[in-house]
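> Below, each chain spelled out in residue letters.
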Amino acid sequence: MILLLAAASFLLPLWLSSANLTVYILLGLYAVTAIGLSLLMGLAGQVSLGQAVFFAIGAYTAAVLSLHGLSTVVALVLAPLLAAAVAAVVGVPILRLRGHHLAFATLAFQLIVLSVITNTPFLGGGLGFTAVPGLGIGKATLSSSLGYAWLTWGLTVVVMVVTLNLIRSRPGRALRALATSEAAAESVGVPVVRYKLAVFALSAAYAGVAGGIYVFFIGYASPGSFPVELSVELVVMVVIFGLGSVWGALFGAAGISVLMQVLNQVGTLHGMPQYMPTLLSYAAYGLILVVIVMFLPAGVLPGLRRLWARRPGGREDPMSRQIAPPIASLRSLLRSTRPKTTRADGTPSPEQTRRQ
Amino acid sequence: MSALVEYLISGVAIGCGFALVGSGFVAIFRVTEVINFAQGTFAVVAGFVAYSGLTSAGAPQGVAEALGVLAAGALGLAFGGAAIGRKHTSPLASLVITLGLAVTAYAGEIAIWGDQPISFSGLQGDFVLAGAHLLRQYLLVIGVALLVLLGLGVFFTRTYLGKGMTACASNRFAAEVVGISVRRMGLLSFALGGLLGGFAGVLLIPIQPLSFNSDIDLAISGFAAAIFGGLRSFEMALVGGLVLGVAESLVGGYVQASYETVVALGGMLLLMLWQARRRVELA
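For the record, the sequence lines run as chains A and B.
Counting in our numbering, the first sequence runs from 1461 upward without gaps.
Counting in our numbering, the second sequence runs from 391 upward without gaps.
Bear in mind the hints are in silico, worked out from the structure with no lab data behind them.
C-beta: ideal position from N, C-alpha, C; glycine also.
Hints may contain errors.
[Unchecked claim] What the simulated footprint calls covered on chain B by chain A, stretch by stretch (three residues with Cβ under 8 Å from a Cβ of chain A suffice, anywhere in the stretch; the number is not a length):
#1 501 to 509
#2 517 to 523
#3 585 to 597
#4 657 to 665
Can you make the complete structure from the sequences, with help from the hints?
Right, here's the structure in full:
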């Protein structure tokens, strides 16, 4: 089944028109970024509303280095490394924060980075870079979209294999444990701080490499290419089919990308006002996010699976848990029933401290 | 000297706007423990409704603004219903819902008012203070904001409803026991948050034009103001708003206007980290 899907998606670019090929490539790049975010939010329970910043850092690293004469391949290798390094440095203070504090901090970090880029002429300022060279070694450059499509396909496969193995490994279980309770995880010997930092850096690396390919493919990067809306978009992709699941992130990225393409075509139909595509995409993102989190907080697939199990005479398939183990941690993230005396960020409220 | 006075007064005026947005965060968070990401949306919608009232409905100044504030309050109630209406929605899930609502609101705002920045003139004219020419609107913003916050203080200490909300804020369980509906108080707190955000919107829109996505900047600044008091104190939200507004204005005036946001955001980050550290030390 999986092999079939892989083969089909590998061969698909051969039949796509050039416009659809662009959608295919961006879909893959968003999927890679979304898988990283899913790992961070679903598995490790750390909310990030600024994940697009690492996509931007990857893109700018690749663009700046290659425009200064460095080999594009080397630049592409350095893009995820720098993104991960930035995440590791910023993560030390930021990951002390929890819940909504972390959400605002990551968002603030993205806005700060975008503002700094806009104000730094070396980084292209507000106008950004144009004419970023295509990816290639020496004279042989990747000029066709088809090449980028297969490169993206390969990257997606590698990232999925790595992530699926990570989830099943010992660190993966440790991350799930710390998402449920950091104190409990710490007490059984999980190095909580180091693991949180590592998964933050890994998710940044995924975003960074995707950003690198993005800039070589598009050939252009400006602060406006990586707005806060992109971060929200990534959150929607991750939440829709089930937070913390690699396949969920992949299908989320695919579903949203295709939906947006359809809406874009509807919005640009003859006679539509100029702002129609933007309007439709905002409405879709917003409503999807609201409806999913309100009614199917575990995501569409697990939610439907649970409904199916609840049908008359049905029983819950014990395998469903094993296929998608991280979903349990999502439930703990979105539906945690904390004692009422703790604050949203998990620290004891003043009343509680006073009573002790 | 006159430049300094100008930066200070305009900073205080903007800061009062931030404080109003921040008070909205506080009002909602205290009762529901939810961070309402759509707090900036209330301000934007109130400003837009007031604009429509002035231009297309021909309502007199003052009435149009009041309509805007009321619309924001109603919107707050509706958002609250979505964010905390269903049982067992965790505060973090509610945050994501309000984020979704804010994005959905973009669509509505674009559909009705288009995607260009909107502004209208508020209080006309200017006055001279210590050699600096200042907009009268600044005084209006400062005056109204202080009155609203004062009214908020009276509401929470002198009325049954306000005391009920404070009771929910300090101990939900005990509040339920004595017959206060925590859920209804939560919804009311969202309406209150909407009103407060609405005041900020109608007061600020004559000074700085708002567009549909101005809500992120407003929400971030308001959150930064609210975080001064750990999201629980209205007085500290006012202090936070003023500090933030003046700091932004001074940086914008003396250093470079484009660094305003960096200062605000950086300050907010440092403050949050400092608070988190202190919490760890206390524990």
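> Each of the hints needs a verdict: does it hold here or not?
Checked hints:
{"no.": "1", "hint": "501 to 509", "verdict": "holds (count 3)"}
{"no.": "2", "hint": "517 to 523", "verdict": "violated (count 0)"}
{"no.": "3", "hint": "585 to 597", "verdict": "violated (count 0)"}
{"no.": "4", "hint": "657 to 665", "verdict": "holds (count 4)"}
Of the numbered hints listed earlier, those contradicted by the structure are 2, 3.
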